[in-house]
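Just so we're aligned: the sequence shown equals residues 3 to 339 in the numbering used here.
Calculated directly from the structure, the hints in this document are not laboratory data.
The beta-carbon is built from N, C-alpha and C at its ideal position, and this holds for glycine as well.
Hints are not guaranteed to be accurate.
Ranges between beta-carbon positions, derived for each pair [what the hints assert, rightly or not]:
| hint | residue 1 | residue 2 | range |
| --- | --- | --- | --- |
| 1 | Gly168 | Ser109 | 25 to 35 Å |
| 2 | Lys219 | Thr56 | 11 to 21 Å |
| 3 | Gly252 | Lys144 | 29 to 39 Å |
| 4 | Gly168 | Lys116 | 39 to 49 Å |
| 5 | Ala172 | Thr56 | 25 to 35 Å |
| 6 | Asp316 | Thr56 | 35 to 45 Å |
| 7 | Tyr197 | Thr56 | 21 to 31 Å |
| 8 | Asn264 | Ala237 | 18 to 28 Å |
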Amino acid sequence: MKKLSTLLIASAAVVLMSCGQQDQNTQQVMENPKVTVTTVNAEYVSQLSVYPTTIEADIVNNIAPQSAARISKIFVEVGDKVEAGQTLAIMDKVNLDKAKLQLINDSIEFGRIKQLHEIGATSQSDYEAMTLKYDVTKQTYKNLLENTVLKSPIAGIVTARNYDVGDMYAMTQPLFVIQKINPVKMLINISESQYSQVKKGMEVDITTEAYGDQVFKGVIDLIHPTINAMTHTFAVEVKFANKDLTLRPGMFARVTVNYGDNFRVVTPDRAVMKQVGSGEQYVYVLNADGTVTYTVVELGRRMGNRYEVISGLDDNATIVMTGQTKLKNGITVDVVK
3 MKKLSTLLIA SAAVVLMSCG QQDQNTQQVM ENPKVTVTTV NAEYVSQLSV
53 YPTTIEADIV NNIAPQSAAR ISKIFVEVGD KVEAGQTLAI MDKVNLDKAK
103 LQLINDSIEF GRIKQLHEIG ATSQSDYEAM TLKYDVTKQT YKNLLENTVL
153 KSPIAGIVTA RNYDVGDMYA MTQPLFVIQK INPVKMLINI SESQYSQVKK
203 GMEVDITTEA YGDQVFKGVI DLIHPTINAM THTFAVEVKF ANKDLTLRPG
253 MFARVTVNYG DNFRVVTPDR AVMKQVGSGE QYVYVLNADG TVTYTVVELG
303 RRMGNRYEVI SGLDDNATIV MTGQTKLKNG ITVDVVK
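Build out the structure end to end from the sequences listed, making use of the hints.
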């Protein structure tokens, strides 16, 4: 009998302990998720777009004679600054000397025929034939002079010299490449949706890998009039004065265009979550009754640790900052101060 009483007491104790543990578990399940919240506000956000590009010279001239010839003299080296009209090299002068002698002879003969024509001692046809011959000789000499004494047509920098003195120019590549790099230009491709917003003369910001965060001010100099049907973009040429020759052709650059300001809600990046699979971005909005609403947002610019919200959030909305992983739509939460 004593054993039976002891057994009943032990069983009752086990039942009481089980009930207590079940009540405790139920209490834990019923606790609301704890979250922190913040209020988001609208502000003016600059509508910036960044376009990667490569810096190019404003003008590139390939300097070479029209025909193969031996190089007699070279006056410049790679990296030299040259002025417009400066002599770069002189080719073999044999053909030029022959043309000069022919020009002298034709000049004398033309003078003689002209005098005879003026006193009526020669025919009109002879005079015209000599005039034509003399004009051709002058043009031939001028052409040979330009192709023997090579001069730079622009002020710029020598960026390539492909031959040495004594080499035979073989017409495979130019003797020199001269580039005008003040100004420099950059070509960017902009979406057709922004065609009406781009104007000639608009100021843009230019940054480069070479100069880190240093910002150079350029302008939109040329807007191409047609849209690429494949990419739905249009080409825009940006120029930078480059008076100090700081930027050089071939440098990687980024051009930032400001399309104006929009009054948009801005949210901390910590509040934004991404749906696995779909990639949908969302936040939880806190309602007046303590529940939260799953809200899809469309994001714009990232500004440090904040996002511009294009759509989905109202001004002065209260959103969850931490604790989102435990939430679902409509659940009641406890806000931790």
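Do the hints match the structure? See the list:
Hint check: Gly168 to Ser109, Cβ distance near 34 Å, so the stated range 25 to 35 Å holds. Between Lys219 and Thr56 the C-beta distance comes to about 19 Å, which sits within the given range of 11 to 21 Å. Distance hint for Gly252 and Lys144: a CB-CB separation of about 36 Å, consistent with the stated range 29 to 39 Å. Checking the proposed 39 to 49 Å range against Gly168 and Lys116 shows it holds: the Cβ atoms sit about 44 Å from each other.
Between Ala172 and Thr56 the C-beta distance comes to about 30 Å, which sits within the given range of 25 to 35 Å. A hinted range of 35 to 45 Å for the beta carbons of Asp316 and Thr56 is consistent with their spacing of about 43 Å. Judged by the Cβ atoms, the range 21 to 31 Å given for Tyr197 and Thr56 holds: they are separated by roughly 23 Å. Checked against the hint of 18 to 28 Å, the C-beta distance between Asn264 and Ala237 comes to roughly 26 Å, which is consistent with it.
This entry satisfies every hint, going by the numbered hints stated previously.
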